[in-house]
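In order, the protein sequence lines correspond to chains A and B.
One point on numbering: in the working numbering, the residue at position 25 of the first sequence is 25, and numbering is uninterrupted.
One point on numbering: in the working numbering, the residue at position 84 of the second sequence is 375, and numbering is uninterrupted.
Hint data in this document are derived by calculation from the structure and do not stem from the laboratory.
Among these hints, one or two may not hold up.
Estimated spans, in silico, between C-beta atoms of each pair [to be verified]:
{"id": "1", "chain 1": "B", "residue 1": "THR293", "chain 2": "A", "residue 2": "ASN38", "range": "29 to 39 Å"}
{"id": "2", "chain 1": "B", "residue 1": "ASN423", "chain 2": "A", "residue 2": "GLY78", "range": "27 to 37 Å"}
{"id": "3", "chain 1": "B", "residue 1": "ASP439", "chain 2": "A", "residue 2": "PRO120", "range": "52 to 62 Å"}
{"id": "4", "chain 1": "B", "residue 1": "ASN299", "chain 2": "A", "residue 2": "ILE241", "range": "19 to 29 Å"}
{"id": "5", "chain 1": "B", "residue 1": "THR293", "chain 2": "A", "residue 2": "PRO204", "range": "54 to 64 Å"}
{"id": "6", "chain 1": "B", "residue 1": "GLU453", "chain 2": "A", "residue 2": "CYS33", "range": "19 to 29 Å"}
Please read these numbers as outputs of a predicted model, since none were measured by experiment.
We treat Cβ as the ideally placed atom computed from N, Cα and C, and that holds for glycine.
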Amino acid sequence: MECKEVRKYLDAYRTHELPEAAYQATEKHVSACTDCQNELAFITGLAESAVKLRLKAPSETVFDQLMDQYGKTNTDFGPVWICYTPQGVSAVKIGVEDDRAFEQYYTERMGRKPHRSHVPKKYVRAVQSALRGEKTGKVPISLDGLPEFEQTVLNHLARIPFGEVRPYAWLAREAGNPGAVRAVGTIMARNPVPFLLPCHRIIPSGGGVGNYGYGPEMKRILLEREGVSPGDLEGWKRRHIRYIGSRTTGIYCYPTCRDARRISWENQVSFSSESDATAGGYRPCKHCRPL
Amino acid sequence: MTQEEDQNLAVEIHRGHRKAMEQLVRLHKDRLFTYARYMIRLEEEAKDIIQEAFMKAYTALTVQYDEPKCRTLAIRAWLFRIVRHIALNKIRSSQRRQKTVESMVQQQPDIKTSDTGYNRSMDNHLAGALENLGPEDRELVILRFIDDLSYAEIVSVVGMTESAIRGKIYRALRKLRKMMEEK
Numbered sequence: 001m002e003c004k005e006v007r008k009y010l011d012a013y014r015t016h017e018l019p020e021a022a023y024q025a026t027e028k029h030v031s032a033c034t035d036c037q038n039e040l041a042f043i044t045g046l047a048e049s050a051v052k053l054r055l056k057a058p059s060e061t062v063f064d065q066l067m068d069q070y071g072k073t074n075t076d077f078g079p080v081w082i083c084y085t086p087q088g089v090s091a092v093k094i095g096v097e098d099d100r101a102f103e104q105y106y107t108e109r110m111g112r113k114p115h116r117s118h119v120p121k122k123y124v125r126a127v128q129s130a131l132r133g134e135k136t137g138k139v140p141i142s143l144d145g146l147p148e149f150e151q152t153v154l155n156h157l158a159r160i161p162f163g164e165v166r167p168y169a170w171l172a173r174e175a176g177n178p179g180a181v182r183a184v185g186t187i188m189a190r191n192p193v194p195f196l197l198p199c200h201r202i203i204p205s206g207g208g209v210g211n212y213g214y215g216p217e218m219k220r221i222l223l224e225r226e227g228v229s230p231g232d233l234e235g236w237k238r239r240h241i242r243y244i245g246s247r248t249t250g251i252y253c254y255p256t257c258r259d260a261r262r263i264s265w266e267n268q269v270s271f272s273s274e275s276d277a278t279a280g281g282y283r284p285c286k287h288c289r290p291l
Numbered sequence: 292m293t294q295e296e297d298q299n300l301a302v303e304i305h306r307g308h309r310k311a312m313e314q315l316v317r318l319h320k321d322r323l324f325t326y327a328r329y330m331i332r333l334e335e336e337a338k339d340i341i342q343e344a345f346m347k348a349y350t351a352l353t354v355q356y357d358e359p360k361c362r363t364l365a366i367r368a369w370l371f372r373i374v375r376h377i378a379l380n381k382i383r384s385s386q387r388r389q390k391t392v393e394s395m396v397q398q399q400p401d402i403k404t405s406d407t408g409y410n411r412s413m414d415n416h417l418a419g420a421l422e423n424l425g426p427e428d429r430e431l432v433i434l435r436f437i438d439d440l441s442y443a444e445i446v447s448v449v450g451m452t453e454s455a456i457r458g459k460i461y462r463a464l465r466k467l468r469k470m471m472e473e474k
């Protein structure tokens, strides 16, 4: 090999990154050529100095700060704070005083400090539609860091269709733990992503509107806006109606199930319990899966 | 830090371990910041670039890629590639805004050399000489010598063949040596 050719290999030779044959040839040449030895020494020295030019990334480049970002938007319920991670929306909050109060809430809830930034338009639009009682489409949600059962419950909550309601006990069963009704209640009260995860669609097993993290009045408004009449819910409760069946199909549903709403007036039967319905030969709906 | 350790971290990140991502950031942030800083010159911009790059990487590892992909990805080169794309986009969009370009040219990075005194003049010479290299040469020298990447990694970052890179680095070194000997 000529010097000219070897020179191009010297740096890769230094770090043993050459194919075996080229490595051997380079080694043979260098051992005999002082010019190339000199060049190799220069490259080695330069490599040693160069590493010292490596900069330190600013200390605020910590992962926490780039993970959770939040911003604020205005709605007819007042300012709403929205926080998101690369995976999706991680928190929606109304009724806090200011950014500092939101940061404090979020840090206590999630154990991570959020970072003020701007919120992607699609998330802002989704939260605003949800508050107006419109369908939001699929919005990615980030439940990272929450206990496993809480994540399971919230994932099942997300699947309750627009304009329908379900009891707490139903959600507990769907989440695979029928006895955890109280735990489900607590999880609803602490729902980090209200409106997008529709905890307002969860009602007491006995019927009615029930309680809500932001007060029952807001729950009534949200339900009304998406077409569930709180008056109907209370009427069913008063008359002990928990399920509605269809004489034509022999299927019973929750009253707000989309299938129950299509049953014509003269074919409707109402039941106050599951045993009533099954005694009449009715089977549960496969869409709303009544308890 | 080996590629295998990086890949193990990537798999953990994919499975939802946030701590693993923090570790990945810790392992790579200085090299990536150095690269971004030499590409774009402005400290603030370079910071934004690596934050954005880590965000993109995190999204990819947790949402877009499946586990086999995370296990086989050449993580370090991939991270550099993400930084490179973001930096080049920023440079392109700022070239449209002349003002930014001027401020970028004026602001030289203040290169901090180690305080040990060892071979310090060589370090300073090198820092000065680097500034006088063309952008393409400088990028390769930074990747290869300051950030200490392998040829295989550089191939995957800049998308040239290994022999082209060997040739370019050889010529860049010759220029550097000439500049350093003149001083």
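Are ASP439 (chain B) and PRO120 (chain A) spaced within 52 to 62 Å by their CB atoms? At 37 Å between Cβs, range violated.
Is the distance from the Cβ of THR293 (chain B) to the Cβ of ASN38 (chain A) consistent with 29 to 39 Å? holds, 33 Å
Consistency of beta-carbon spacing, ILE241 (chain A) to ASN299 (chain B), with hint 19 to 29 Å: violated, 57 Å
Given the hint of 27 to 37 Å, check if ASN423 (chain B) and GLY78 (chain A) actually sit that far apart at their C-beta atoms. violated, 58 Å
Take a look at whether the Cβ-Cβ distance between GLU453 (chain B) and CYS33 (chain A) falls inside 19 to 29 Å. holds, 24 Å
Is 54 to 64 Å respected by the C-beta to C-beta distance linking THR293 (chain B) and PRO204 (chain A)? holds, 57 Å
Comparing the model with each numbered hint stated earlier shows that hints 2, 3, 4 do not hold.
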